[in-house]
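Going down the list, the protein sequences come from chains A and B.
Note that the numbering used here gives residue 210 to position 210 of the first sequence, counting from 1, and the numbers run on in steps of one.
Note that the numbering used here gives residue 13 to position 13 of the second sequence, counting from 1, and the numbers run on in steps of one.
It should be emphasised that the hints constitute simulated quantities derived from the structure, not laboratory data.
Check each hint, because a few of them may be wrong.
Computed beta-carbon distance windows for the label pairs [to be verified]:
#, chain 1, residue 1, chain 2, residue 2, range
1, A, His-125, B, Gly-12, 30 to 36 Å
2, B, Asp-22, A, Arg-39, 39 to 45 Å
3, B, Asn-7, A, Asp-176, 36 to 42 Å
4, B, Gly-114, A, Asp-176, 51 to 57 Å
5, A, Lys-26, B, Pro-49, 54 to 60 Å
6, A, His-206, B, Pro-49, 54 to 60 Å
The list that follows gives simulated cross-link-like pairs (lysine to any residue, SDA-like), each with its CA atoms no further than 25 Å apart [to be verified]:
#, chain 1, residue 1, chain 2, residue 2
7, A, Lys-238, A, His-301
8, B, Lys-34, A, Lys-238
9, B, Lys-65, A, Val-113
10, B, Lys-79, B, Val-120
11, B, Lys-65, B, Lys-79
12, B, Lys-78, A, Ile-166
13, A, Lys-131, B, Asn-36
14, B, Lys-78, A, Ala-127
15, B, Lys-79, A, Gln-174
16, B, Lys-26, A, Tyr-104
17, A, Lys-131, B, Thr-80
Cβ coordinates follow ideal geometry from the N, Cα and C atoms, glycine included.
One-letter residues, chain by chain:
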Amino acid sequence: MAEAADTTAPAPTRPAGPIDLKLMMKDSGVSDVLDELDRELVGLAPVKTRIRETAALLMVDRARRDLGLANTPPTLHMSFTGNPGTGKTTVALRMADLLHRLGYIRQNHLVTVTRDDLVGQYIGHTAPKTKEALKKAMGGVLFIDEAYYLYRPENERDYGQEAIEILLQVMENQRDDLVVIVAGYADRMARFFDSNPGFRSRIGSHIDFPDYNDAELLQISELMMREQNYHLSPAAKKAMAEYVTLRRKQPHFANARSVRNALDRARLRQANRLFASSKPVTPEDLQTIEADDILGSRVFHTGGDVAGQSPRG
Amino acid sequence: MMTNHGNRVTQGQFSFLPDLTDAQLKAQIAYALKNNWAVSVEYTDDPHPRNTYWEMYGNPMFDLKDPAGIVAEINECKKTFPRHYIRVMAFNSTRGVESPTMSFIVNRPADEPGFLVERVERDGRSQGYTIRSYATLKPEGERY
Chain A
1 MAEAADTTAP APTRPAGPID LKLMMKDSGV SDVLDELDRE LVGLAPVKTR IRETAALLMV
61 DRARRDLGLA NTPPTLHMSF TGNPGTGKTT VALRMADLLH RLGYIRQNHL VTVTRDDLVG
121 QYIGHTAPKT KEALKKAMGG VLFIDEAYYL YRPENERDYG QEAIEILLQV MENQRDDLVV
181 IVAGYADRMA RFFDSNPGFR SRIGSHIDFP DYNDAELLQI SELMMREQNY HLSPAAKKAM
241 AEYVTLRRKQ PHFANARSVR NALDRARLRQ ANRLFASSKP VTPEDLQTIE ADDILGSRVF
301 HTGGDVAGQS PRG
Chain B
1 MMTNHGNRVT QGQFSFLPDL TDAQLKAQIA YALKNNWAVS VEYTDDPHPR NTYWEMYGNP
61 MFDLKDPAGI VAEINECKKT FPRHYIRVMA FNSTRGVESP TMSFIVNRPA DEPGFLVERV
121 ERDGRSQGYT IRSYATLKPE GERY
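All chains, full assembly: derive it from the sequences and hints.
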């Protein structure tokens, strides 16, 4: 396996004496990823703790392997469960980065697939399709979003089962080549695992993503705005806080995704407001979202009617 | 062939060398992927040097990042056709290039009987030559 080791990012060191794990963590760049995670992701305390724990386990495992104390790598497949918009995809991306720096995957890449990419439409279509997706993800992370759609108990002739079997086989036999992360809403994932016990047992860590509270969502909205060179005026900030509280009570609330959509619509209203005003605009105007832009949302007027908004979008 | 000890067909890269090990094969494929070439697997049981177009095993593999997927495909092909010639090709799809850039044999029959040189008398007593593999005297699929 000398060639395989060449392609991993950090060269494995083989110290004779005691190993400084903290130093090793720093050298491999893992602490950078973890710090970035802390800095850029709001809230999610239990998730961050679990990731730190996983990183520590992998670090120790690598040190043990360097000394020849362990030879079977830990099961790295993971399951992320949580409500919509709680950052599952974002964390999966960071996870790929983390595993790459630790040398558990050879390529720092994440391939996102859903049912459509794995399951075919007629007999004999599924296996090549699933294998194609697996081949693309080899060496990195395969992220299966809304994995429970793979299994459709109501249709016994569904080809999803075939995709699941191929997946399980690769998850078992090619553990060195591929890490699979399945994600989805908690209740449906639980049902999915119940009907596919083989899946549950092959997954090393189950990480549950909690909902954000109102303060965190407000913080997220400010972060999102800052990334796009906008900022909320003090009045707008208050309106946003109110918006989050109201929006949460309505159907199809999708945490950070709802916030992002609200901000997109606020930008639209801001643009129209600036366009309608007769004054010339200053750079400051272009960057500021005012309270009116947010208060224009349906959420404040209709008191609950947001039908037609999908929870995903 | 007479100049070729061991009676091995020599086509493509590395064919005068001992068989590639798994690690070497992986490294070669990694090189192809690094250059964004699409790798494909082909097989045949007709070793004639003019037999350029072999059967494709699956589709060419575009957009891959890691050799592991291709090695798995090669191993599957070896399992299906253990006594055929199997070659791995890398294809450069850059516009204006669009041609194979690598090609090497990864699997060959255990026993390669080699080629027969045939002489043909032509007009004016001139002589033409052709070669024919002893293996191809049998029908396709029963050759090795």
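Need the list of violated hint numbers for this structure, in ascending order.
Violated hints (numbers, rising): 4, 8 and 10; every other hint is consistent with the structure.
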